[in-house]
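Enquirer: For reference, the chains in residue letters:
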Amino acid sequence: MTKMLWIICIGAGLMSCSSHLVLHQTSLIPLSKEAVFVSETEEVIKPYRDSMATVMNKHVAYSPCNFVLERPSSNLMNWVADALFVNQTKTVRLSQPAFCLLNFGGLRATLNKGEILMGDLYKLMPFDNTITWVEIPVGLLPEIAAYLLKTGGEPLSNAYIENGKIVVNGLNENHSHVWIITSDYLANGGDNMLFFKKGSTYSSKTTTLRDALIEEATYQENLLEIIDKRIR
Amino acid sequence: MERRKFIRNASLGLTGLAFVHQGLGQAMNAKSKKLTILHTNDTHSNIDPLPDNHPKYPGMGGVAKRHALIKKIRSEEQHVLLFDAGDIFQGTPYFNTFKGHLEMKLMTAMGYDAATMGNHDFDIGLDGFIDAQTHADFPFLCSNYDFSNTIMEGKTQAHTIFYKGGMKIGVFGIGVNLESLVPNANYGKMIYKDPIETANQQAATLTEKGCDIVICLSHLGHEYKDDRPSDRLMAKNTRNIHLILGGHSHTFLEKPVLESNLDGVPVLINQTGWAGINLGRIDIDFDQKFVKGNSIKVE
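Protein chains in written order, with the numbering used here: chain Y, 4 to 235; chain G, 246 to 544.
Hints listed in this document are in silico derivations from the structure and should not be mistaken for laboratory results.
Worth double-checking, as some hints may not be accurate.
[Said to hold, decoys possible] Straight-line alpha carbon distances no greater than 20 Å define the calculated DMTMM-like cross-link-like pairs of lysine to aspartate or glutamate that follow:
no., chain 1, residue 1, chain 2, residue 2
1, Y, K153, G, E468
2, Y, K232, Y, E165
3, Y, K200, G, E424
4, Y, K49, G, D297
5, Y, K61, G, D297
6, G, K317, Y, E43
7, Y, K36, G, E499
8, G, K316, Y, E45
9, G, K350, Y, E43
10, Y, K153, G, D472
11, G, K301, Y, E73
12, G, K317, Y, E46
13, Y, K36, G, D293
14, G, K350, Y, E45
15, G, K316, Y, E43
16, G, K470, Y, D194
17, G, K301, Y, E118
18, Y, K36, G, D297
Whole structure, please, built from the sequences with the hints as guidance.
Expert: Given below as structure tokens:
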């Protein structure tokens, strides 16, 4: 317990001079692995946990490392954006380039070294957001680069930021538009990605981001770690 | 709902009786008036401990362990209050599967006294929240979310007052702006009111009602580089708030921070991280006489 004594006079104004608060012994109590638990509470939780077990404890893949969340870019941000990009583009022929842009705040947990279960992908991506393609004019790219530099980094695939500019693989002067593969939440201006509202949404699919990630993780079997810095 | 109201009224009655006895006991023993405040934030449906292979917090957290700790502290201390600063929902399959019902049941079992709503508590819409709330026997305090044009009308309250050992404790809740954070359809015609202006009004009201201490449960976030409202900005730009129990930014504060308010009076701000990894604890003595001229002493 943190040994501290906070003495605060709350005498000003409305309270009488003798009325003071003494704040002491403030602490942050960690609930360690070994801490005791209440068995009755555990009994309440157990039937809920058991009823989900068949679905959530299903094996999906193995992770060779800890996939972590760190701005400006990290192996987990790369893995998620790459998995979605590959999942969406591997069977289509595109007449203009595409890249994937998601949000850092949308990734809610790490993927830890070892076996990856269905529940782990639910923790990583608990939202039921659906995959959305947005077509934007190339003229909007500087605004997207500025957004990424301001926030300090978001999951990005098939594109990177260099010297303050966004570079989209395959983009040349003949292209007037690019596709961005993202979520319906962001396409609707979530997390202040207001530039999406200036594009035209191609389609908000019924497939959730999570389902696409589960599909790719299952396909990879051993999750691919790619550690390149995409904001540099 | 009726059953819930009945239980709440019944428990208020019991609290009233207990209060009388405590008052007598105190007069006879001249015990110190000590209040213990316990708090969590951003528990995000983490009902089980984090997995053992978690790189940062292996095996930490978990409701059954939190409940044991709360029970232990309650057995040691006479006057305990337990609060949550929002984002109870979203983060584990428990929420995807049971839509917040288990979270509310367990918070009720742990004896939470009040909570405020975080942005993720809107993730299944207002109807989803109301459905889960049927399991909650504690009030949700939201003073700057005006729900009067929505189905949530009457389901939350701006503030509440607790009576513990002769102490009067005013508590109100402040929420973050949902625009660009939560899909509009999830909160409908809820009107967002300026958090700092509202906090000032709430704190003034609770002070006028004679509260000895005013606590804000906030889901604004601890501090930003830009000028978005935060706990620190709120502390600086208000008066009459003594303690802010924060959330939203998942900030781990080893110890609370102090910020001077508009009157130059220090405000204590705390936050416990996320996922129920920690339980915050703040002990307050009411009857010790002020010792030195300086308003703050940290040892």
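Enquirer: Tell me the hint numbers this structure goes against, listed in increasing order.
Expert: none
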